[in-house]
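Visitor: Sequence:
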Amino acid sequence: MIWIIHFTIINILLYVSKRKKDDGFFIKSTFFYSIFVFGQRWMTGEDFPGYLLYYISGFTGKEIGYFALQNLFANKNLYFGLFIFLIYTITVFNNFKFIKRINKNTVFMIYLYMFLELYFMQMSQIRQFIAVSFFIHSYYFIFQRMYCRSLINLIIAISFHFSAVIIIPILFIRMKLSKKTMFYFVILCCALPLVNIKVLFNLGILNTYSHYIGSVYDTGLSFFHFIRYYAILFIILLYIYNIKIDVSSRIDRMILNGVLFYLVLYGLSFQFAPMMRVSYYLKIFEFIFIGYYIKDIKHFSPKLVKGTIVSMFLLFYLSIAIIDPYNITRYEFRPLQLRENRTDSELRMEIHNFYYD
Numbered sequence: 018m019i020w021i022i023h024f025t026i027i028n029i030l031l032y033v034s035k036r037k038k039d040d041g042f043f044i045k046s047t048f049f050y051s052i053f054v055f056g057q058r059w060m061t062g063e064d065f066p067g068y069l070l071y072y073i074s075g076f077t078g079k080e081i082g083y084f085a086l087q088n089l090f091a092n093k094n095l096y097f098g099l100f101i102f103l104i105y106t107i108t109v110f111n112n113f114k115f116i117k118r119i120n121k122n123t124v125f126m127i128y129l130y131m132f133l134e135l136y137f138m139q140m141s142q143i144r145q146f147i148a149v150s151f152f153i154h155s156y157y158f159i160f161q162r163m164y165c166r167s168l169i170n171l172i173i174a175i176s177f178h179f180s181a182v183i184i185i186p187i188l189f190i191r192m193k194l195s196k197k198t199m200f201y202f203v204i205l206c207c208a209l210p211l212v213n214i215k216v217l218f219n220l221g222i223l224n225t226y227s228h229y230i231g232s233v234y235d236t237g238l239s240f241f242h243f244i245r246y247y248a249i250l251f252i253i254l255l256y257i258y259n260i261k262i263d264v265s266s267r268i269d270r271m272i273l274n275g276v277l278f279y280l281v282l283y284g285l286s287f288q289f290a291p292m293m294r295v296s297y298y299l300k301i302f303e304f305i306f307i308g309y310y311i312k313d314i315k316h317f318s319p320k321l322v323k324g325t326i327v328s329m330f331l332l333f334y335l336s337i338a339i340i341d342p343y344n345i346t347r348y349e350f351r352p353l354q355l356r357e358n359r360t361d362s363e364l365r366m367e368i369h370n371f372y373y374d
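In our numbering, the protein residues as written are 18 to 374.
Incorrect hints may appear among the rest.
Unchecked claim - Straight-line Cα separation of at most 30 angstroms, DSS-like style, residue types lysine-lysine; simulated pairs:
hint, residue 1, residue 2
1, K93, K197
2, K37, K312
3, K38, K261
4, K193, K93
5, K93, K35
6, K323, K45
7, K312, K79
8, K320, K197
9, K93, K38
10, K114, K261
11, K114, K193
12, K35, K193
13, K323, K93
14, K37, K320
15, K114, K312
Hints listed in this document are in silico derivations from the structure and should not be mistaken for laboratory results.
With the hints as constraints, model all of the structure from the sequences given.
Guide: And the structure:
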């Protein structure tokens with residue numbers, strides 16, 4: 018039911034925005050809708066009960082940003098949902114702010130974002146996705162040559178999820194990609210699902226993650242991902258062939274580099290699934306690239322292009338709703354409260370019921 022409600026509300030908000038001829042209405046209303054509906058959720062998201070267990074047991078990891086904030090709330094016996102609301106609000110705010118920084122086709126980008134896998138992932142893997150939301154700003158600022166602000170956002174990202182360290186080298190690779198070079202790079206990405214990179218995880222800092230090889234996390238991606246990956250590659254190749262690329266624009270350079278590295282990481286995930294987690298740091302560029310250049314495609318009707326893109330992403334949305342990999346279907350709305358009125362034993366029973374009912 019939540020999938021139908023979500024689809025309906027977003028399209029109603031878009032319709033009202035078009036009628037009012039007010040883009041700001043759609044941007045603001047989708048933001049407040051997100052934090053009101055999904056910020057005030059309970060036992061929604063595959064990893065939600067795991068984070069609740071951290072909260073009530075006082076578990077502390079090496080990511081000081083997340084766990085210091087968690088323990089601050091827990092020590093004052095504050096309602097766990099209030100903590101989730103704060104983390105989720107920061108995540109969504111950062112994502113919206115990043116999209117607005119692009120300052121082109123903002124409404125279309127946000128519309129796509131509201132139906133993407135990314136939007137629902139952040140309700141499950143809350144710690145990584147708040148890190149992602151800070152990392153993308155670090156990425157933006159380094160292309161704008163605002164190195165201090167980039168560093169601050171990077172440090173915050175690492176303080177929420179240490180995996181952000183792995184992606185640091187990409188911050189220093191800022192290629193000027195011509196249309197021809199970009200086209201050939203994306204063609205090469207077609208072969209990446211065949212490339213086995215597991216040997217690299219025995220080297221240097223990557224050795225920290227070598228225990229993932231052959232683990233329960235190192236399972237092959239589904240056929241859905243195979244279709245999705247090549248569909249995205251096809252669309253991006255079609256875009257590149259039909260658009261003009263401004264290599265002097267810092268925004269263009271950031272988007273081109275971001276989407277290329279995302280495709281590389283996504284492609285490598287087929288042989289080593291944990292790489293998928295690394296690709297999340299740049300996943301936003303999947304729809305940023307498509308939304309940014311949507312009106313620049315030559316030789317095709319703009320309405321046809323937009324209709325095709327929206328249809329494709331809504332098919333992805335439908336598949337997510339059916340498969341429900343992030344456990345969103347069991348959505349439960351629970352209004353915010355200041356204090357937790359249940360005992361730890363009662364909360365542990367809810368965690369047990371989540372996994373075994």
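Visitor: Confirm or reject each hint.
Guide: Consistency of the hints with the structure:
no. : hint          : verdict
1   : K93 <-> K197  : violated, 58 angstroms
2   : K37 <-> K312  : holds, 22 angstroms
3   : K38 <-> K261  : holds, 29 angstroms
4   : K193 <-> K93  : violated, 51 angstroms
5   : K93 <-> K35   : violated, 45 angstroms
6   : K323 <-> K45  : holds, 22 angstroms
7   : K312 <-> K79  : violated, 45 angstroms
8   : K320 <-> K197 : holds, 26 angstroms
9   : K93 <-> K38   : violated, 46 angstroms
10  : K114 <-> K261 : holds, 26 angstroms
11  : K114 <-> K193 : holds, 25 angstroms
12  : K35 <-> K193  : violated, 37 angstroms
13  : K323 <-> K93  : violated, 49 angstroms
14  : K37 <-> K320  : holds, 21 angstroms
15  : K114 <-> K312 : holds, 22 angstroms
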